[in-house]
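Participant: Residue numbers (UniProt numbering), protein chains in the order written: chain A, 1 to 177; chain B, 1 to 434.
No lab work stands behind these hints, which were simulated from the structure alone. Everything numeric in this text was worked out from a predicted model, so none of it was measured. Ideal Cβ positions, reconstructed from N, Cα and C, are used throughout, including at glycine. A couple of the hints might just be wrong.
Said to hold, decoys possible - Anything over 12 Å on all C-beta distances counts as not near chain A; from chain B, calculated:
no., residue
1, Ile29
2, Thr112
3, Leu146
4, Glu155
5, Phe285
6, Ser295
7, Lys351
Claimed, not checked - Partner residues are not named here, just some residues of chain B that face chain A (Cβ under 10 Å, in silico):
no., residue
8, Lys132
9, His145
10, Thr148
11, Arg149
12, Thr150
13, Phe151
14, Arg156
15, Val195
16, Asn196
17, Gln197
18, Pro198
19, Tyr277
20, Ala278
21, Pro281
Said to hold, decoys possible - Residues from chain A that keep clear of chain B, each with C-beta distances beyond 12 Å, as calculated:
no., residue
22, Ser10
23, Leu16
24, Glu30
25, Leu44
26, Arg84
27, Ser150
28, Val152
29, Pro156
30, Lys169
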Amino acid sequence: MAVAVLTELSALENTLGLPRSNKFSALAGERPVPVLQTNDGPRLVGLATIASHLVKQARKEQLLGASSEERAAVQQWLEYRVTRIDGRPSREEADGVLRELSAYLQDRVYLAGNRLTLADILAYHGLHPLMVALPVHEKERYVNVSRWFSHVQQYPGVKQHLPAIVFLKNRLYARGP
Amino acid sequence: MAAGTLYTYPENWRAFKALIAAQYSGAQITVHSVPPHFQFGQTNKTPEFLKKFPVGKVPAFEGADGFCVFESNAIAYYVANEDLRGNTVAAAAQVLQWVSFADSEILPPASTWVFPTLGIMQYNKQATEHAKEEVKRVLVILDAHLKTRTFLVGERVTLADIAVVCSLLWLYKQVLEPAFRQPYGNVTRWFVTCVNQPQFQSVLGDFKLCEKMAQFDAKKFAETQPKKETSKKEKTPKEMKKEEKKQEKKKEEEGPNEELDECEQVLAAEPKSKDPYAHLPKSSFIMDEFKRKYSNEDTLTVALPYFWEHFDKEGWSIWYAEYRFPKELTQTFMSCNLITGMFQRLDKLRKTAFASVILSGTNNDSIISGVWVFRGQELAFTLCEDWQIDYESYTWRKLDVDSEECKTLVKEYFLWEGDFKNLGKPFNQGKIFK
């Protein structure tokens, strides 16, 4: 099976409407690190770096944030994706991530600013394996993550090859946090 | 794609619905909200307009192809696209549900609560408190719905979000201060996200959420209250004076306003000895007595002779005032509101002043002028901050009490009859401050 992170970068190319002209490879290791050899520049290493580069290639800079604060927030969540979400987190670590995100998303629709950014797209891809396995009552417990995830996966072009996850809009269990 | 002209008055939140929808759909809309294209209250009353839009209300939309539609929700629907209307019958029904919800559940209490804070409706404590409870009820419903949803219907902005956001605009701007909106975080998250979408932003500008709950704006309310002037125009000055007397009485019967403004509070709190005119020697001219004569007896044969017989030029002064910006005076009824508004703001001055202020000329060619009698030799306006709102808009000239000019002006202004040579425009209507 292809390395998941390379599949993700191909999906991102589709999302951005880029032709499949980039050649990705992966540095072998415990956690595969993607590499992109550009035609006219240096080798780019790492998911966040390559993804940001693709966005610029597609001339969709608004996905990197509209203001300098937003751009910083986007980078912050790309880093969060790589350091906290990736790399097979333990059960406790996963709970921690969902708790953090749910608290953060309580008064936000998107991770950075008021529009969808690259941060949402990569966080969505990173969280997908975790959300697939999440039982209904857990989805309800992390209601803000669920609402955000449900919205992002239905955003045109974002889902790509990933299967849609079902979220209930009506709450089954009495009271979540 | 729809294209055409939207008639409205400026900053009309109902028109915003269509304009935001057009931002999403790409419909080309030209807005006619100011002269020479559109003058609210005039253009929409013309036979030509009524032929197209029988209700005579705005917003009203006229397509480039001649298609006409009124009612803001219908216009928004027409200029929208499939995504905004709801892509399936079920989604479209839900969109319609929230659009109706905005009109029937949100607007009535929102108006009751917000309008007095804008000074466009009288404040009624009971009604406002009831409206607050109704608004809470609505917010609870929205909050529960938005807990698991990003937008009201589906995962994209629809007419539902546009209509409900627009119906909440004034609430979030005027009264939903942080403490009040705190329990409805899901509503605020959704609202803030919507108004920050570029399509909303280009219509609404940068939206600032309320920081402190606005209260009833009594001053502005007094200013904007139209008095039924039109029917009075035909009456003689004498009759009008009587009418005014009646109004005065009515006002007294209504009792004091529930909320005293700052100025009134200061004055009310002050002990009697702090009468601003306490330093003046007692005057032989009794203002109340003159006002009684003026109100109840013939002006020419009784009140005027009484005035000159008893007037004390040491203790009182007579001033001529003229409005400094006559070019800004357009509709005569608006000018009259300017005068009555000034009188209302000077309410506390009534005991020690008398004035006859008249509007001369016609629409778009008029002037406001008046003759004022004040206690003492100075203008009274500096005594209280609230009295200073209007006086800078007038030029003030102290009249020499013994001069012929003064006698003529007093006679003409008190009688509302004469040549008014100082103005060169015919008398239109007058107001008495007493």
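Participant: Against which earlier hints does the structure fall short, listed by number upward?
Facilitator: Per hint list: 3, 4, 8, 19, 20, 21, 27, 28, 29 and 30 violated.
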